[in-house]
Each structure stands twice: as structure tokens, then as C-alpha cells.
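The primary structure of each chain is shown beneath.
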Amino acid sequence: MNENPANHFEEELRRRLRPVEAPEGFTDRLMAALPAQRKPVVVPFTPKVVRRSRLRDYGMPAALAATLLVSVLLGIRVADKQALIAAQAEQEKELAASRELMQALRVTSQKLNLAFEAVNSPPTAGDEENRS
Amino acid sequence: MSLSAAQPLPDSLLAQARAGDRNAFATLVRAHQGSVFSIGLRMLSRRDAAEDLAQDVFLQLYRKLDSIESLEHMGFWLRRVAANLAIDWLRRLPYSATRPLDEGAEVATQEAEQDPLMSRELLRLLGELPPHPRAVMLLRYQEDRDVAEIAAMLDMPVNTVKSHIKRSLTALRGQMIGAKLVVEDSP
Numbered sequence: 001m002n003e004n005p006a007n008h009f010e011e012e013l014r015r016r017l018r019p020v021e022a023p024e025g026f027t028d029r030l031m032a033a034l035p036a037q038r039k040p041v042v043v044p045f046t047p048k049v050v051r052r053s054r055l056r057d058y059g060m061p062a063a064l065a066a067t068l069l070v071s072v073l074l075g076i077r078v079a080d081k082q083a084l085i086a087a088q089a090e091q092e093k094e095l096a097a098s099r100e101l102m103q104a105l106r107v108t109s110q111k112l113n114l115a116f117e118a119v120n121s122p123p124t125a126g127d128e129e130n131r132s
Numbered sequence: 001m002s003l004s005a006a007q008p009l010p011d012s013l014l015a016q017a018r019a020g021d022r023n024a025f026a027t028l029v030r031a032h033q034g035s036v037f038s039i040g041l042r043m044l045s046r047r048d049a050a051e052d053l054a055q056d057v058f059l060q061l062y063r064k065l066d067s068i069e070s071l072e073h074m075g076f077w078l079r080r081v082a083a084n085l086a087i088d089w090l091r092r093l094p095y096s097a098t099r100p101l102d103e104g105a106e107v108a109t110q111e112a113e114q115d116p117l118m119s120r121e122l123l124r125l126l127g128e129l130p131p132h133p134r135a136v137m138l139l140r141y142q143e144d145r146d147v148a149e150i151a152a153m154l155d156m157p158v159n160t161v162k163s164h165i166k167r168s169l170t171a172l173r174g175q176m177i178g179a180k181l182v183v184e185d186s187p
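Protein chains in written order, with the working numbering: chain A, 1 to 132; chain B, 1 to 187.
Honestly, the hints are just simulated from the structure, not real lab data. Beta carbons: idealized from backbone N, C-alpha and C, even for Gly. Do not take every clue at face value.
Some chain A residues well away from chain B (every beta-carbon gap over 10 angstroms; in silico) [said to hold, decoys possible]:
| id | residue |
| --- | --- |
| 1 | 20 |
| 2 | 86 |
| 3 | 113 |
On the chain A side, residues computed to face chain B include the following (Cβ under 8 angstroms) [what the hints assert, rightly or not]:
| id | residue |
| --- | --- |
| 4 | 9 |
| 5 | 13 |
| 6 | 16 |
| 7 | 21 |
| 8 | 22 |
| 9 | 27 |
| 10 | 75 |
| 11 | 79 |
| 12 | 99 |
| 13 | 102 |
With the rest of the complex left out, here is chain A:
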């Protein structure tokens, strides 16, 4: 025989928690509340409801959004590239101008040297004859 007090308590619970009777007339009241006829079930030939996929529901807006995003990104990229090309062209122009300036300075310097030499060199016989 099981003399464990815990088991005894569980048995006591089972005994005292036995289902009680529903109130008198419960079934009659319930039956009166039921709809007159159950809905006929038409199952075999009804096509299964195909759930619209999320792709279908959100596909078009998602595609539009993606296109817009790609366009914006492409635009930014093209603008960046154009700015880079313009900067490079500007840089090349500056280099060419700088080269030209250096060339001009070189030529000027050579001419000045020639003039200086001409001024400072001793006069030759020919020069004296010309003078007189």
C-alpha cells in the first residue's frame, strides 16, 4: 500500500476535483442556441485558395525601389567619374602651362646671356674700324 503523504495528497486532489454536473437544462439551452442547420460542407470541388505570394504582393514596389536605388547609385558614380576626368584635364592644362613658362624662361635666360656676353666682351678690330 502506498503510504507516501505526497501521493496521498494527490489522490485526495483527484477525488475532490472530480467533474461536477453541468447545470440542469444545460443541454436543452445549448441545443436551442444552435443554428437550425449546420453549414453544408462543400469540399471536394472547391479549388484550393492559392495564397498570393509575398513576391506578388510586394514585387512591383520592390522592383521600382530597386531601380530607383540603382539609378541614384549609378548617377553618383557617373558624376564622380566626370569630376575626376575634369580634375585630370585641369591638372594637365596646368602642367602644360608650367612647361611653356619654363621654356619661355629658358629662352629669355639664353637671350640675356647672349646680350650680356655681347656687352661685356672686348671689342674686336672689326668693331674699331666700324666705329671710325
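With chain A's structure known, arrange chain B on it following the hints.
Using the frame of chain A, we list chain B on its own:
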């Protein structure tokens, strides 16, 4: 009046009820109304609310008869819906709308006449448990369902069911001992 559990229902009854036989459906109701009403009564602690809940549960059954596979499935379904509906109602009702089991105790005394004080106290303490543990205890000790079935009915893990049972038993027993309605463990 409920049919006793000793009277097994014929399997054909479900098919008859599905086909629209109202007498067959009434027989099914009578077989389970005691359990469903008792879950409502002991969860909600009010006879009127328990009757409303039982009506609601059987009306849902009537609408869903086509999805019920067997009588055993129906028994499971009814208890699951009753317990969950009661938990749901308890969440919505203000606390003052329910009161610990004076009305329920009146019924319980008819069942366990030899110690009405203990029955009354037990039901009162049960009514003080939170809704989920209360539903677990009722499905375990009123409906004699095992923990796996209770877990499936209340959509909770088996270990949670075990823990609710253990804690609730300890709490109930402790309070019953405190009230000197149960004797303490003898060595």
C-alpha cells in the same frame, strides 16, 4: 445529466452529428458537459461564467465538427478549448469580476460530503493559483491527463507543466497543512 465515463460512445455518433443529427450532437454534449463546465467553474469561480464558457465551447465544437477526427480527438479538443478560453477570459476580466470559489465549493460539497471544509478550502486555494498553473492542475487532477497531453493542450513545454504541478502541489499542500486540514509527513 452527463453520461458516465464507463459508457463508451459509439464511433458512429460523431459521423451522425457531422451529418446534421442534432440528437447525436446532444449525446456528445451530455458526455462531456460535466468536464467542460467544471473546467469553467474552477477556472472562473462563477457558475454563470462557467455555463457561458461551456456554451461557447460547444458552439465552437458544432461549427468545427468537420475537423474533429475521432471521439478521442473531440475529448482532447474540448478540454484544450475550454482551458484556453478560460485563461483568455481571466486575462480580460477585471479581478473583481471573479471571486474565489464560494459557488464552486457549494457544488464540490455534494461530491465530497465527508469533509466539506477541506473541499471548500482546497477549491479556494486552487482558485488563488495564477491561471496557467490552475489550468494545469485541473487538467492533471480533474481530467486525469498526463503531462504530455497537458503540454499539448496548453501549448507549453512539458517541463513547464511539470514545474507548475510541482510548485502548485507544494503550495497547496503547505497551505492545507497550515490550515491543519492535512497532516504533515510522518517520519
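Hints, verified against the model:
Consistency note on residue 20 (chain A): stated as away from chain B, yet its beta-carbon is not over 10 angstroms from all of that chain's, at 5 angstroms minimum. Chain B leaves residue 86 (chain A) outside its interface by the beta-carbon criterion, the shortest separation being 67 angstroms against a cut-off of 10 angstroms. Look at residue 113 (chain A): its CB is around 102 angstroms from the nearest CB on chain B, clear of 10 angstroms, so calling it non-interface holds up. The interface hint given for residue 9 (chain A) is met, as the beta carbon of that residue sits about 5 angstroms from the closest beta carbon of chain B, less than 8 angstroms.
The interface hint given for residue 13 (chain A) is met, as the beta carbon of that residue sits about 4 angstroms from the closest beta carbon of chain B, less than 8 angstroms. Given the 8 angstroms rule on beta carbons, the hint for residue 16 (chain A) holds: about 5 angstroms separates it from the nearest Cβ of chain B. Because the beta carbon of residue 21 (chain A) sits about 6 angstroms from the nearest beta carbon in chain B, less than 8 angstroms, this interface hint is met. Evaluation of the residue 22 (chain A) hint against chain B yields a held restraint, the C-beta minimum of about 4 angstroms falling below 8 angstroms.
Using the Cβ-Cβ criterion of 8 angstroms, the hint placing residue 27 (chain A) at the interface with chain B is satisfied: the shortest such distance is roughly 5 angstroms. For the restraint placing residue 75 (chain A) at the interface with chain B, the shortest Cβ-Cβ distance is roughly 53 angstroms, beyond the 8 angstroms limit, so the hint is violated. For residue 79 (chain A), the shortest C-beta to C-beta distance to chain B is roughly 57 angstroms, which exceeds 8 angstroms, and the interface hint is violated. Nearest Cβ of chain B to the Cβ of residue 99 (chain A): about 83 angstroms, over the 8 angstroms cut. The hint is violated.
A least Cβ separation of about 86 angstroms between residue 102 (chain A) and chain B goes past the 8 angstroms threshold, and the interface hint is therefore violated.
Checked against the numbered hints given earlier, the structure breaks hints 1, 10, 11, 12, 13 and satisfies all the rest.
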